Amino acid sequence: MLYMVFGGSGSGKSAWAEDLAVRLCPGEKLYLATLTDIDGEMEARIRDHRKMREGKHFHTVERGYALEELDVSGEKLVLLECMTNLLANEMYSDGAKKPSDIPAYIMEGIRHLCSQTEDLIVIGQDAFSEVPMDPEMRKYVRESGRVSQMLAGEADVVVEVKYGLPLVLKGADILSRIPGSGEAAR
Numbered sequence: 128m129l130y131m132v133f134g135g136s137g138s139g140k141s142a143w144a145e146d147l148a149v150r151l152c153p154g155e156k157l158y159l160a161t162l163t164d165i166d167g168e169m170e171a172r173i174r175d176h177r178k179m180r181e182g183k184h185f186h187t188v189e190r191g192y193a194l195e196e197l198d199v200s201g202e203k204l205v206l207l208e209c210m211t212n213l214l215a216n217e218m219y220s221d222g223a224k225k226p227s228d229i230p231a232y233i234m235e236g237i238r239h240l241c242s243q244t245e246d247l248i249v250i251g252q253d254a255f256s257e258v259p260m261d262p263e264m265r266k267y268v269r270e271s272g273r274v275s276q277m278l279a280g281e282a283d284v285v286v287e288v289k290y291g292l293p294l295v296l297k298g299a300d301i302l303s304r305i306p307g308s309g310e311a312a313r
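Under this note's numbering, read the sequence shown as residues 128 to 313, first letter to last.
Simulated from the structure, these hints should not be mistaken for lab results. All figures in this text were calculated on a predicted structure; none of them were measured in a lab. Each residue gets a CB set at the ideal place from its N, CA and C atoms; glycine is no exception. There may be inaccurate statements among the hints.
Beta-carbon label-pair distances, calculated as ranges [claimed, not checked]:
1) A193 / V268: 21 to 27 Å
2) M277 / I173: 24 to 30 Å
3) E196 / I305: 27 to 33 Å
4) K266 / G154: 38 to 44 Å
5) E168 / D283: 30 to 36 Å
6) A279 / A142: 17 to 23 Å
7) M264 / G154: 36 to 42 Å
8) S136 / S200: 32 to 38 Å
9) L294 / R265: 22 to 28 Å
10) E281 / R177: 26 to 32 Å
11) A193 / G291: 29 to 35 Å
12) P306 / S220: 36 to 42 Å
13) D228 / E181: 35 to 41 Å
With a straight-line Cα cutoff of 25 Å, these simulated PhoX-like cross-link-like pairs (lysine-lysine) come out [what the hints assert, rightly or not]:
14) K178 / K289
15) K266 / K224
16) K183 / K203
17) K183 / K289
18) K178 / K203
19) K203 / K297
20) K225 / K266
With the hints as constraints, model all of the structure from the sequences given.
Take a look at the structure:
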């Protein structure tokens, strides 16, 4: 099953997605971290996310690009945090392949992960919540929108989180069958 959880910065999307992961798979599960530690702010975000995961039975793999090369076979659940960091890495990292259609390439990687695991939860940032002026940022926002549309089209469940409150856009019936998720399916 493919789950998409998105929201703006500080919306509570990560906490909600992690709680969903624990409900779906109380045992060991994989946290696929895409954030690159490039400065003090990123270092603090990584530290905060690690603290949020404590006691939730996640083991972490750090992978910023080239999902199609990753072997997650044997994992019951994978939580990918986050698609928008992955996009930035694919667009701007020195080691990335930079194919001509990066959103389609990212979706190939997501499908690759999906084919190897029972459940894949992909977290994404709502790139449209801010209005960037720089032309390169506009390109990034446009590509983020494209990959988000592709992901939402294929996802079984799509949840937007605002102020810590989930709004189920797709797949409420699926969420209603998961113990402890009844309130999210409204």
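Hints the structure fails to honour: none
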